[in-house]
Structure formats: C-alpha cells, structure tokens
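Build the full structure now, drawing on both the sequences and the hints.
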Amino acid sequence: MNMLTEAAVEKALDHKMSNVPYKMIGKDVSVYYGEKRALFDVNLNIRENTVTALIGPSGCGKSTFLRSLNRMNDTIDGCRVTGKITLDTDDIYDPDIDVVELRARVGMVFQKPNPFPKTIYENVSYGPRIHGLAKSKADLDQIVETSLQRAGLWNEVKDRVHESGTGLSGGQQQRLCIARAVAVSPEVILMDEPCSALDPIATAKVEELIHELRENYTIVIVTHSMQQAARVSQRTAMFHLGNLVEENDTDKMFTNPDDPRTQDYIMGRFG
Amino acid sequence: MTDIVSPAGVTVSKAPPRRDIGIKRRYAAERRFQAYGIAAITFGLVFLFILLWTVIGKGYTAFQQTAITLPIEFSEKTIDPNNKRATDPSVLIAANYPVLLRDAIVKQLNINAASRPDVRDASAMLSKSAPIQLRDMVMSDPSIIGKTVNVTVLADANVDSANKGQIDLSVDEKNRKVNDKQVGWMNELKASGALHKQFNTGLFVNGNSSRPEAAGLGVALIGSLYLMLIVLVLSLPIGVAASIYLEEFAPKNKLTDLIEVNINNLAAVPSIVYGLLGLSVFINFIGLPRSASLVGGLVLTLMTLPTIIIATRAALRAVPPSIRAAALGLGASKMQMVFHHVLPLAMPGILTGTIIGLAHALGETAPLLLIGMVAFVANAPTTPLDPSTALPVQVYMWANEAERAFVERTSGAIIVLLLFLIVMNMGAILLRRRFERRW
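Sequences listed follow chains V and Z, in order. With the UniProt record's numbering applied, the first sequence closes on residue 271, and no number is skipped along the way. With the UniProt record's numbering applied, the second sequence closes on residue 439, and no number is skipped along the way.
No lab work stands behind these hints: they were computed from the structure. We put the beta carbon where it would ideally sit given N, CA and C, even for glycine. Hints may contain errors.
[Stated by the list, open to error] Below, simulated SDA-like cross-link-like pairs (lysine to any residue); rule was C-alpha separation at most 20 Å, straight line: (1) K112/V - V319/Z; (2) K334/Z - E247/V; (3) K158/V - E122/V.
[To be verified] Looking from chain V toward chain Z, a few residues come up when the C-beta cut is under 7 Å (computed): (4) A104; (5) M108; (6) K112; (7) N114; (8) G127.
Encoded structure:
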C-alpha cells in the first residue's frame, strides 16, 4: 500500500493514540431529517489534541455527524438528534447546556470561506466581543493579533486589518475564518471540508496550519481528499450510508484497514 | 478523410461536413426577442412622455400667478369713519375694504366713478381674496390708516387665465368670462407694469379656496407630511419586526403558512377596502375624528404593511445562509445573528421596500375619501387630529372643479406630487447605495 507516506509513519511514531484521553464521546448518535434517517447509531470518540478526519462518499453522514458536535443541526428545520454526545463530562444535548456556550467551546470552520462583509479586525474580534472575552480595547487588539498569528495570517494582513475581510484571496479568507474561530478560544474546532474551495497552495497552507493548531485544540475535519486525511490527521473515521464503518489510527487505516469497504473506498473503487 | 498539408508544413485534419445546428434560426430568435424588448420599452417611454408632456404643459403655468400692484389709500373715512378703533377693534374687521380696492383701481384706470358697470367690471378684475389681504395688513399695523401704500394683490382668476393666454379672445364677448373692456384695462395695466406675473407662493402655502387664484396646496402638503410620518413611524418597525420574526424565529408550520398566505393576499386587497376598514374601526368604533391625518396615517399603515413585510422578508432571505452559519458557529445567539449580521445586510432591500411602500401610500386616494380626508379645508392643521387633506385628494377635488383656472392648478398639484415621488425614489436609491456592502 503506497498510500502510506513517510510523514504518516513519523506521526504514528510520535503519537501514541491509545494513551490520548477522549475530548468528545459520541454514543449511539442517530440523526433524522424529518422522516429520513441520516445517521445510524454512530459510536465515535474524539481524542484530545488530535486531528480526527471523517471520510466517506458524499451523503454518507460525515458532515451531519460533524454538525451534531456543536449542534449546528439545531438550525435545520425538522432535524432531530438521538443518542448522547459529551464534551468532557457535559452532555451537549442536555437541556442545561446552553447552545451559545457550547458553540463558544466548539468552534466551526465551513466549507466555503464565509467572512462577514466587515473589516478583518471586526471579523476576528466579533466572537470575543459578543462573549465579553476582552476587558479592554488593548485586550481585544491582543486577541485579534494572536488569533491572526495562530492562523498564520498576521504577517500578510497586519497593515490592513481595518480593510474588508472579503477583499482577501480565497485561501486568506479561509484562514481568516480559522482565526475568527480561534479568537473565541474554543476547545474543539470542527472543519467541514475547509479546503474544498481552495487551490493547492492555499490548501497546503491551511493543512500546515491544522497541524500547528493541534497543539492547542482538538480538531475534527471532514474531507473528501484521502491524501489530505492521510496528511493532517492522526485518527480517521470512515462513514458509509449513515453508518460508521471503521475508526482507526490514520496510518493503520490507510495501510491495513479492518473493513473491506474502507479498503475499497481508499483505493477509489467506489465513492 | 484525406489529410491536407497546410502551408506551415504540418498536417491538419480535414473538417467534417458542416452540420445544420440552426445557428441562423437561433440568432434570428434572439434578435426578435431583443426587438420585442425594445418595442416594449419604447411603448412605455412614449406613454411616459405623453403623460409628462400633458401634465407639465398644462400645469407649469400654475407656478406663476398674475398680480396687480396698486397704490391703495387706507383712508380713515372708509375704514374707521367714527374713529372708534382704539376702543372697539372689531371695527377694523368689519370695515369696508372692497371699497378701498375699488377706489384704487378706478383711480388707476381713470374710470368715470359714476359709470357703475365700468366700476363693477374693474373691481371684478381683482381677486375676492384681496380685501382680506388689506384687512390683515390693517389688523397687524393700524398705523397704516391714513397712508397710501403700494400693495400687490392677486388678480381675479379670469384675468389670470386671460393674461396667460388661456382664454380665447376671438370668442364672442358674451361667451367669455372677461369682456373686451377688461382686456383693454388688462393691457393698459400690463403696459404700465402694474399687472405682472409673479411666482405663485400661495400654491404652496394657502389652504383650499373656492376662488382658484387663492387656492393652494398648503393643507394638502401638511396633511401628506403627517400621513408619511405616521406611516413611516408605524409601518417600518411593525413590518420589520413581523418579517424578522416570521423569517428567522417562527417555526415553519401550518399556522405560519396561513399567515404568509394572508399577508400576500392583503397586499392585493383594493385600497378602498382599507378605507372602509378604517372608517368602521378607527372612526366608528374607536371614535377618532373624521378627516384627521392620524386616521389616514393608520389606514395607510395597514395598507403599506404587507408591502413592507414582503419586501423585508425577501431582503432577509437574500442574505446568504453562510453568514448566518458563521455567526451561529461563533456562538452568537439568534438575536445577535439577526441584528449584527443579517439585518445590516438586508437594510438596502428593506429601505427600498419601505420607500416604495411610502411612495405608494403618498399617492393613495381611495381610502382617504372614505375617512373624510376629502373635506374642504382652508386652515392649516396644527396636529394630526385636525381636519386635513392630502395631495392626491386635492388633485381629485380640483379636478372636479368647474372653473377654468382649476385646470392648471390640478396639473400643478400633480407636478408637485410627482416631484415628491421622484425625491422619495431618489432617496431610496441613495440609501441603497449608502448601505450596500459588496462581498
């Protein structure tokens, strides 16, 4: 299996997955859109400070699972989630858990870069401002600068943070969206095919960024690119027709998967 | 297929026989479609031009009014023969001011004061509103009594029409409103500079009057202003709040579907029905005064609300869902999402819809007829509870008048109304530009 890159081997060596604690636990998660069932009793755990990639053919439920991790599914009419998902020890579907607070802890980056049509500064400072994370203007400036640095965008935009965020290139916009998510200091960042609208160079930058962000954040990424999953993740989960087919260390997944369907999908026989 | 050797020395494949894929037919169809479009636009422009041509052609003269400047002797003998004004000011109200005018014009034209028909004809050249003007002058400054002052008074509407060339002087003298003698005097006064045209401020200041030369749009303008303010203040917040709730917060179920269908239907209800509703609810049930601009404003608010709600909902729907997702994904509450992101982006559409709704309301006549805003109001309303009319109603009322001079006033009022509409639409465009964000 020549899918296995040297980097993946290296990653596998420096990362002993079995010792890493779980950040989020999904137990028997099922999602219904009205009458239609999109996820079937998925049991998937997300390990702390790890990049978990969700792969699978279109319509397999990987985005649905991702969106149920910060209850973005709540915004869809007729969507219903059963089962249990915990963040640390909190059941995120518990009535006591506020969805606003949850989303401050579990941030999200979307498929298409979607900066607000405001300045770069306003984009990044919006989250901290609504959550009252900054005590003063200087504090806020600091958060904006740190977030942009973490997103690897600071050097490119430091002279024009008060210009429109929509004037940036696609790749920069996506990194701005990552900076915006990072500014709220979430514990988990969900990424829904963050590179699908980007060119290869911008993709490489975002992937590098994901690699760096792993130190501080737990990351769950949905991707259609096998190579990307292999490059950025330590754990990979394969979905098919609303079922979780297999979840494993990424290098194992791409070299010696347990399930023949995973093998077929990775080899490009379907999907 | 045989290969052909091109001049450059490389071998080029031979083109297959050309297929008929209907290119000519497609281009012809496109040209035909463009021609239809141009024809439709031309058709519209022609009618717009005819409308403006007739309205402006008939109405521009209304902005000028014929006036006559006469040296008027405020003789004490006529105004206050017994010198009682210090003790009884009502003497000044009841004084015989028409005589002052009669004497002045008789003197100006060197008419034999004994010839009563001549004196009558000469006096008739001055507006019936002129004595009131003199009275007001004396009331505000009684020291004027005993002096001779040059006063500019309005000419009678018939003289005004004749001066503007609107009366055919070739018609037999008996069949027109100004006789040959009056025409002669008119020319005489014109030659001496006493009779002249001036800008018609009265058109914008005066209330209604049965004498065309003194009739103005003042009351209608104030009434329309009150109407617009009431409609804006009520329908914008109510309409926007209703749309935001329906679009962003309300669950999508049978009830909200029903509400949506009803709002769309209400937008199509004939406006006179709103007038009947206003009559029975606001006047008969609640007991608000008739002819008041408050009632008119409420009725027009009801009529404008569906328009604003539909426009606002469309504007809200046009905001990309990705912006909502971005805000929610950051942990913004639904209300923060709406007020920080969705509403500002929808603002241009909302404002455009509102101003179009307001412009619609400004031109609305039928509901106002039913709530009594079609009254003859001479005094300017001070509050929205006072009787008042509105611009389109004034147009309607003047169009029903018999006098020749009301024709130009009707068109003049239409021009004023159209100007207001143009200003409002320009405002809509400017606001749109101002608030529009690009991404």
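Hint by hint, here is what the structure shows:
1. K112/V - V319/Z: Given that 20 Å is the threshold and the Cα spacing comes to 15 Å, the pair holds.
2. K334/Z - E247/V: Roughly 35 Å separates the two Cα atoms, so the pair is violated.
3. K158/V - E122/V: Status holds; Cα separation ~14 Å.
4. A104: Since chain Z brings a Cβ to about 4 Å from A104/V, closer than 7 Å, the hint holds.
5. M108: 4 Å, holds
6. K112: 6 Å, holds
7. N114: 4 Å, holds
8. G127: 4 Å, holds
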